[in-house]
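Residue numbers (this note's numbering), protein chains in the order written: chain A, 1 to 304; chain B, 305 to 592; chain C, 593 to 706.
Treat each hint with caution, since some may be false.
Below are the DSS-like pairs computed for lysine-lysine, each with C-alpha atoms no more than 30 Å apart in a straight line [what the hints assert, rightly or not]:
id: 1; chain 1: A; residue 1: 7; chain 2: C; residue 2: 696
id: 2; chain 1: B; residue 1: 426; chain 2: B; residue 2: 465
id: 3; chain 1: C; residue 1: 620; chain 2: A; residue 2: 7
id: 4; chain 1: C; residue 1: 620; chain 2: B; residue 2: 393
id: 5; chain 1: B; residue 1: 393; chain 2: B; residue 2: 378
id: 6; chain 1: B; residue 1: 562; chain 2: A; residue 2: 218
id: 7; chain 1: B; residue 1: 465; chain 2: B; residue 2: 587
id: 8; chain 1: A; residue 1: 218; chain 2: B; residue 2: 378
id: 9; chain 1: B; residue 1: 393; chain 2: C; residue 2: 696
id: 10; chain 1: B; residue 1: 426; chain 2: A; residue 2: 218
id: 11; chain 1: B; residue 1: 378; chain 2: C; residue 2: 696
id: 12; chain 1: B; residue 1: 531; chain 2: A; residue 2: 293
id: 13; chain 1: B; residue 1: 426; chain 2: B; residue 2: 364
The hints are simulated quantities; they were obtained by calculation from the structure and are not laboratory data.
Predicted model, so just to flag it, every value in this text is computed and none were measured.
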Amino acid sequence: MLNRSFKVKQLVILSGKGGTGKTSLSAAFAFLTRKSQIPALVVDADVDAANLCLILTPEKTEGHEFWGGSIAQIDSQRCIACGDCGRVCRYDAVVPGFEDGGVFSIDPIACDGCAACVFACSQDAIQMVQQQEGYWFHSQTQIGELFHAELFPGRENSGKLVTLIKQQARLRAEDSQTPLLLVDGPPGIGCPVISACAGADASLVVTEPSQAGLHDLKRIMATLQHFRIPAMICINKADIYPEGAQQIRAYAEDQGVEVVGVIPFDESIPNAMVMGKPVNEAFPQSPAANAIKEIWNNTILRWG
Amino acid sequence: MRIAIASGKGGTGKTTIATSLALSLASQYETWYLDCDVEAPNGHLFLHPNFTDQVPAVIKIPQIQSDLCTLCGKCVDVCQFHALANIVKSIMVFPQLCHGCGSCTLNCPQQAIQEVDAPIGKLESGIAMAGIHFQHGMLSISEPMPTPVIRQLKRRVNPGKNVVVILDSPPGASCSVVETLRGVDYVLLVTEPTPFGIHDLYQMLGIVHDMNIPAGMIINRDGIGEKSMQSQFAEIPLPVLLRVPFDRKIASGIAAGKTLIEIDPKYQQVFSNLYQQIVNQLKVGNIC
Amino acid sequence: MIIIISAQEPNLEGAINERFGRCPFLIKIDTSNNQWEPFQNPGISQSGGAGVAAAQFVIDQKVNAVISGDFGPHAANALRASAIEMRLFSDNISTVQQALDAYKQESLLAFGQD
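Okay, chain A solo, but in the shape it has when bound:
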């Protein structure tokens, strides 16, 4: 049943650069909210490299096929090898045949799904066939419900699957009156990130104090500004390059963005990963866990 007056708050965790620690932080946040008895749902929006399930040990309660766009398929019985399809294809997806009487075929990896070939073919030999691109799941974990997905390797990640699992999570949050949605975002700034951001009330950007980290921080911040999503920054592995951390602080100050915390480089994080647990559960007194707790205080707790 739809509960329309219930408002769910959404925090999306992003980075720009890959590997800064989004997933480790998201898992730790999920653990801390559960420990404080704040109900939360978690979404792993990094659908082509979904790692949150490696720390949260989910038990799948629902699994669904995800069917995405279509690709072209040539009927070899009808193809007369005229090459009209190849002439209109902009994606080098039409493969001239060397066997089978020279009939043409479509490279499924290259095909964009535009169907230009379908309309160009005088023999009606080409059809668009919808593709299963992956799966999505609703799972139970020891720290709450998780919505996650697995995109088949190499498939189009246009954000549709991200949008789908976020919608499912939001519906579930409204139904169950869960006030908080934590979204573990993907790296980059393109479509999957844009979908992960949609409807977010705030974003926590996890950055690292390297030249690359700062460069990509600026790109994700510009993206968040474009979509008008308030952002906060935290610096992970901060002591690896203190000069870089200082540059980030200066940038944040310049932009009027708050740095809500700083996490030192701490092997507790990869060690906790190996144990399959959030770092705050596996090593609650570690420097990383303490730093994350403070960041959590400055973000989630502040929301009330």
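Following the hints, complete the assembly by docking chains B and C onto the known chain A.
This is chains B and C only, laid out in the frame that chain A set:
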């Protein structure tokens, strides 16, 4: 020879390896470096190119010529992405949904559609350290699709013989990675001994297998996490070509924008040897 | 007036659905005689451009207004350009009938006004 550096998981060290490899080979071969991570390119921070050329990366979007358009709606029907709508008095175009396929233009019975270049990013080139031919692409903020930029970036490279092209791939295991890998001779998969690194490596294995490209592994940050991870690498049917140890000195050097060679000159020879291993593997015909 | 309401079920007593592009049903109603007809939303099966697909359907039906919970930017542009009114469900509405009544009472906010 075209070698792509990919990983699956972000932050494993693709750019570190790609730029170091390019720098090492530049003294022996004409070397091109292509930064295909057009959403968040970082190669220029390591190789310091002097950019001498910049062009926009574009997709061709339809422009309806209203004096010729009869509002028949054929373009709307043809478009698979709903980038066109018939709003009764005119045809409306949604550039952000457009894939630039040209299908609407081809199928308009009145030939009332012209295509115009809509910029979605920029492509820059120049000469970098050690004479490396440097090219990168940058997707514009708020643009959703990186693959057209990657495609155009790759088209700018027309190397002759005895040239090595290093393609630095984006993270993840989806279409932008596939676009980068298309047509390469070899893929170096950079991973780390953590559960995330290994999990995402398996995604990449799926891709290189489907695309039938020979591959090898580089284990970066070797020694981090627990030793139990090492046995998992043994199960992966790829040769390990290099292990770079986890070392805070290396980590801070990379953070400062230095390649491995600048941090420790021994890597000049290490990467030269690595390249030879790749050449040998290809000669023997080792397909993943 | 001919209006369309985004719905979860194909009837007036059923629940509304907030998302214009991906709601399962679009219910077309003639407010002068209360005749109504449910349609499957063409946007729901689309992998992309769902909002545009739904908007195109609405435009082709030649309606005067659409009521939903939210309109994405592409759908909103298309509907606005076609001079189709967009109205939003208020918090106390949960069925299509309630939305219809509220529309007739002119108590619904226009989209883009808050």
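We went through each hint and held it up to the structure:
As the CA atoms of residue 7 of chain A and residue 696 of chain C are separated by approximately 27 Å, the hinted pair is consistent with the 30 Å bound. Proximity of residue 426 of chain B to residue 465 of chain B is assessed by CA-CA distance (about 28 Å); at most 30 Å being required, the pair is judged to hold. Taking the CA atoms of residue 620 of chain C and residue 7 of chain A, the gap is near 29 Å; set against the 30 Å cutoff, the hint holds. Of the supplied pair hints, the one linking residue 620 of chain C and residue 393 of chain B holds, its CA atoms being roughly 22 Å apart against a limit of 30 Å.
Restraint check: the Cα-Cα separation between residue 393 of chain B and residue 378 of chain B comes to about 15 Å, which is no more than 30 Å; the hinted pair holds. Distance hint between residue 562 of chain B and residue 218 of chain A is fulfilled; the C-alpha atoms sit about 20 Å from each other, no more than 30 Å. Our distance criterion of 30 Å between C-alpha atoms is met by residue 465 of chain B and residue 587 of chain B, whose separation comes to about 17 Å. Restraint check: the Cα-Cα separation between residue 218 of chain A and residue 378 of chain B comes to about 42 Å, which exceeds 30 Å; the hinted pair is violated.
For the hint linking residue 393 of chain B to residue 696 of chain C, the alpha-carbon distance of about 28 Å falls within 30 Å, and the restraint holds. At roughly 17 Å between alpha-carbon atoms, residue 426 of chain B and residue 218 of chain A fall within 30 Å of each other, so this suggested pair holds. As the CA atoms of residue 378 of chain B and residue 696 of chain C are separated by approximately 37 Å, the hinted pair breaks the 30 Å bound. For the hint pairing residue 531 of chain B with residue 293 of chain A, the CA-to-CA distance comes to about 28 Å; that is within 30 Å, so the pair holds.
Using a Cα cut-off of 30 Å, the hinted pair residue 426 of chain B and residue 364 of chain B holds, with the two alpha carbons roughly 15 Å apart.
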